[in-house]
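At position 153 of the sequence shown (counting the first as 1) the number is 169 in this note's numbering, and the numbers step up by one without a gap.
Hints in this document: simulated from the structure, not taken from any laboratory. This structure is a prediction, so every number in the text was calculated from the model and none was measured. Incorrect hints may have been included.
Claimed, not checked - Here are the simulated SDA-like pairs of lysine to any residue, each with C-alpha atoms no more than 25 Å apart in a straight line:
no. : residue 1 : residue 2
1   : K77       : E63
2   : K175      : I165
3   : K48       : F58
4   : K121      : A81
5   : K51       : K175
6   : K48       : L156
As the list claims (entries may be wrong) - Across the chosen pairs, the derived CB separations fall in these ranges:
no. : residue 1 : residue 2 : range
7   : T166      : K51       : 37 to 47 Å
8   : F39       : A135      : 22 to 32 Å
9   : R67       : L173      : 55 to 65 Å
10  : G23       : Q131      : 52 to 62 Å
Note that the Cβ used here is the ideal one computed from N, Cα and C, for glycine as well.
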Amino acid sequence: MTDGAHGVTASQIKNLIWWTVNFIALLIILYKLLKKPIVNFFVNRQEALKREYEELLAKKKEAEAKYLELQEKVKNLKAEAEAIYQNYVEQGMKEKERILEEARKQAERIKEQAQLYMAQEMEKAKEALRIELAEEAVKLAGEILKNRITIEDQRMLFKEFVENIKGRIAN
Numbered sequence: 017m018t019d020g021a022h023g024v025t026a027s028q029i030k031n032l033i034w035w036t037v038n039f040i041a042l043l044i045i046l047y048k049l050l051k052k053p054i055v056n057f058f059v060n061r062q063e064a065l066k067r068e069y070e071e072l073l074a075k076k077k078e079a080e081a082k083y084l085e086l087q088e089k090v091k092n093l094k095a096e097a098e099a100i101y102q103n104y105v106e107q108g109m110k111e112k113e114r115i116l117e118e119a120r121k122q123a124e125r126i127k128e129q130a131q132l133y134m135a136q137e138m139e140k141a142k143e144a145l146r147i148e149l150a151e152e153a154v155k156l157a158g159e160i161l162k163n164r165i166t167i168e169d170q171r172m173l174f175k176e177f178v179e180n181i182k183g184r185i186a187n
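Construct all of the structure, not just a fragment, from the sequences and the given hints.
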């Protein structure tokens, strides 16, 4: 191969392979280190939301039990005036609907908050991983450039950079 040829040398291929292996190893290490804490966080959050949901269901059952109790009292008090009976039934129905509607709304809010929170946490985790990967890539690229770039290469890169900036300014 002549000095003017632009082929890839065996040394460059070897370095590329080592860089790739190191990068993959870094990804595997990050995956191993971050997987468990992230999974634990979401499992704990899911359990907390499940407990809240179960508490809401218990409140709903309690409200329904109260409603049934009121109905039973009304049945046992037939001797009372029809107006009192109607009042209890209407109040019980309104209370049931209000509690059920409140429970539905609260369950929906909790569900939406959980989804939003999980999405935000996932984005935070992704961003942290992106930043860490970018920092490592920059560090690795800096080391590679520091070890391999010659003065002639630096001059050529500087010249290309200046021409690129001039081209952007002209546009």
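So, going through the hints one by one against the coordinates:
1. This hinted pair checks out: K77 and E63 have alpha carbons roughly 21 Å apart, not beyond 25 Å.
2. Restraint check for K175 and I165: satisfied, since their Cα atoms lie roughly 15 Å apart, inside the 25 Å limit.
3. Between K48 and F58 the alpha-carbon distance is near 16 Å, which keeps this suggested pair within the 25 Å criterion.
4. Distance hint between K121 and A81 is fulfilled; the C-alpha atoms sit about 20 Å from each other, no more than 25 Å.
5. For the suggested pair K51 and K175, the alpha carbons sit about 45 Å apart, so the restraint of at most 25 Å is broken.
6. As the CA atoms of K48 and L156 are separated by approximately 21 Å, the hinted pair is consistent with the 25 Å bound.
7. Checked against the given bound of 37 to 47 Å, the beta carbons of T166 and K51, roughly 42 Å apart, stay inside it.
8. One distance hint, 22 to 32 Å for the beta-carbon pair F39 and A135, holds here, with the actual separation near 28 Å.
9. With their beta carbons about 59 Å apart, R67 and L173 fall inside the hinted range of 55 to 65 Å.
10. Between G23 and Q131 the CB atoms are about 53 Å apart, so this pair conforms to the stated range of 52 to 62 Å.
Checked against the numbered hints given earlier, this structure breaks only hint 5.
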